[in-house]
Amino acid sequence: MKKLLTGAVLLGASSMAVAVSPGGPNCGWGNMLFAGQSGIVYHFLALTTNGTSGNATFGMTSGTNGCSTDGTLTYGGKAMVQAMLDEFSEDVAVGEGDALTAVAVAIGVAEEDRPAFAQLTHDNFATLFPSESVTAEEVIASLEILMRSDARLSKYVVS
Amino acid sequence: MRPIRALIPVLLLLIAGATSAQPARVADASAAWDSAREEQLWLRGQWLNLLHADGAPGSWRSHADDPRFFLARSGGSDPAAELEATLQALYAPAALGDEHAQCRFVARAHWLQQTLGLEGLPQPDCAAWRTFSELVQASRAVLVFPSYYLNSPSSMFGHTLLRLDPEDSSGGAEYLSFAVNFGAEVDPSDNGMFYAFKGLTGGYPGQYKVDHYYKKIQEYNRDENRDIWEYPLNLSAAETMQLIRHLWELQGINFAYYFFDENCSFRVLELLEVARPGIDLTSGFGISAIPIDTVRAAQRADLVRGKQFRPAKGTVLRQRLAALPPVLHPEVKALGADPARLQSPALQALAPATRALLVETAYKHLRYTQIGAARDPVAARNSFALLRALKAHADVLPEAGPAARPENSPDLSHGSRRLSAGLWREERLDYLSLGLRLSLHSLEENATGFLPGAQINIGNFELRVDETARVDLERIDLVDIISLSPRDRFFAPLSWSILTGLERQWADGSEHRVAHVTGGVGGSWALAPGGLGYALVTGRLEHNQGFADPLQPAAGVRSGLLQHFGEHILQMELAAQKFANGQQRLRATWRHNLRLDRHQALHLEMNWRDQAPRSALAFGLRYQYYY
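Going down the list, the protein sequences come from chains A and B.
Counting from 1 along the first sequence, just add 1 to a position and that's the residue number in the numbering used here.
Counting from 1 along the second sequence, just add 14 to a position and that's the residue number in the numbering used here.
Derived by calculation from the structure, the hints in this document are not laboratory data.
These figures come from a predicted structure and were not determined experimentally.
Be a bit skeptical, because a hint or two may be false.
Just a few of them, taken from the derived set where beta-carbon distance is under 8 Å, the chain A residues facing chain B [stated by the list, open to error]:
1) A84
2) V95
3) D99
4) T102
5) T128
6) S132
7) E138
Note that the Cβ used here is the ideal one computed from N, Cα and C, for glycine as well.
With the rest of the complex left out, here is chain A (with noise of 0.2 Å):
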């Protein structure tokens, strides 16, 4: 996880592709080892094993499974805009889609309100992403000014 964060912190929203190791953060063994290391001895590890890397276990070290109940962002929800800032801003610009939904329920906004939600982003695209070095930690904060200032939207962010 905390491999996750110093990797996911470094993404813009362009970043998007990402300073963190080929494969992604907390990839499995494929992509790192076809990535990182080549020849044949590591085709037999990928073979023998069809692991994972042992960092995750149990989402326990997260804390959370990322669904709020109290308005803000937990720390699993962060971690997830940040790992997934590239589909959330091409969503946002779109106007819908999975990942769009996905940071909406992490935030913990009721289905009906979720098109209001994805309006709400859509039209401020500019703002969410001003330019391709934001952060995802700036992102999330002009989201939550965003939302505190919607009549329908400011319920689901706690003063």
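Using the hints provided, position chain B relative to the given structure of chain A.
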């Protein structure tokens, strides 16, 4: 062992039928044990499943390879002793808190409570378990199959994991669901060859892991560019809860990991057996558990209630490219390099919807090229410019069609194992061939549910029987993989092949069984709809007693065409090799595969070879049955 195990549920049903349905009320550990002994409770399928016990009375063995999973010293091999110890521990003083058996072994406790009607249990505070169960918050489960991935042998057969969904889990909400994955825990300090040996022989422990599903989406859809098929299960909320309880018991517990049978997919089935009492999913997987076969086992047990498709990034990009007029394809890359081109009169003159699709495609392509790459400031700036253009075009962006073809889902592929029988004639010599292939799929076979251009065969054995009824080895292919990914303007993957085993060859005027390893690398290209051409440079190492010096390397080329016409598939191939000792081989092969139905095919093959001392022609017809 396993066929015996298959009988056990039947026996248990008889036992269960003979005993009373109402749990007796028992108030302490010894009364509970008396009651359990009366009913021989340790022989119940649910108890054996909770212990991951395999075998038969008298010879039980738990797959769990970890003393922390057992309360009795002999618990791994003695389900009765473990039951007695568990009942004792359930009545231990509540002050043990999280270490109490009621907190550690919540699924066992739940089942015993229900079955024996335990009363007067201490009430320990299971804070850690409570936290976990509140985090998971799941009432449904989904069996997830990330598709075949030839670039990693660990994933070439696909993979399965479970996803635990809350009630509200549609369209994005599942990103935060927990994914349950079983994988090996590798010690990175081991040296390479040691890894391979330990992995195949169970030397590495495997563990269940739980993590957010969005990480799996990234890992498979993005990093490995694999499509994901999701099979929602019809487990009830109560069944899902028992699965979660059991998962808690398994936290940090080691299992021996075997690549072929006791692998990720087998372990997922074991979880499902715990969730739904009375189903037997695992007994059919004595030799190997191929992931897609475990999906089919769940379907046969009526656990699956649908399927959903989550396309890889590359799949989405291809779909957009297919929708974009070909004349605009050059602009896709050009816009990625210079987004300002969008202001050019030619592009401004496009219909708004077409321009929107072009912008979206260009953006997706640029992002696709950056997967796995270090951050490039120019690409980031251009991506951002295209993203802003996409925002500006959002209102006129055409709706993308569905990327999935449910009729081509992997569960609908032909059976994983193959039996075959053929009639052959080779230079006036007639013979029969009998074949068994343990897995999985060849290029010329019915490609439904497989990656196009992928051949994944492990363990192909073929015997020949000649006119005098003499039986001889025709060939053994231990590993036989071909990956043909077409190259075009947007994608430039390498194609490659690896084949190792025993086969017949001719040298020094006679026939020999030779051991070899042969690899190739090159490219392939889509020629016509349903058609693929390929060319590979090959290298080979062969051990042939017909050579003066038996171990000889060779270099060569192979090139061919693969064409699908409905149920007919044709493959033509030419190959040439030259050995270090000067020997040369030329080969031409023509294969015609006719699909009869999903699990049957006829295969016509012609082979011509020019190999010292002369050339020879062989042809044959083979019937293939998949199961």
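Measuring from the C-beta of V95/A to each C-beta in chain B, is the shortest one below 8 Å? Since the shortest Cβ distance to chain B is 5 Å, the answer is holds.
With a cut-off of 8 Å, does the beta carbon of S132/A approach a beta carbon of chain B closely enough for the hint to hold? Check passed: Cβ of S132/A comes within 7 Å of chain B, closer than 8 Å.
Verify the interface restraint on T102/A: the C-beta must sit less than 8 Å from at least one C-beta of chain B. The hint holds - T102/A has a Cβ within 8 Å of chain B, the shortest such distance being about 3 Å.
T128/A as an interface hint toward chain B, with CB separation required under 8 Å: Given a least distance of 12 Å, the restraint on T128/A is violated.
With a cut-off of 8 Å, does the beta carbon of A84/A approach a beta carbon of chain B closely enough for the hint to hold? With Cβ-Cβ at 7 Å, under 8 Å, it holds.
Can we keep the E138/A interface hint, with Cβ of chain B closer than 8 Å? This interface hint is violated because 17 Å lies over the 8 Å limit.
Any CB of chain B closer than 8 Å to the CB of D99/A? Nearest chain B Cβ about 4 Å off; hint holds.
Hints 5 and 7 from the list above are not met by this structure, while the remaining hints are.
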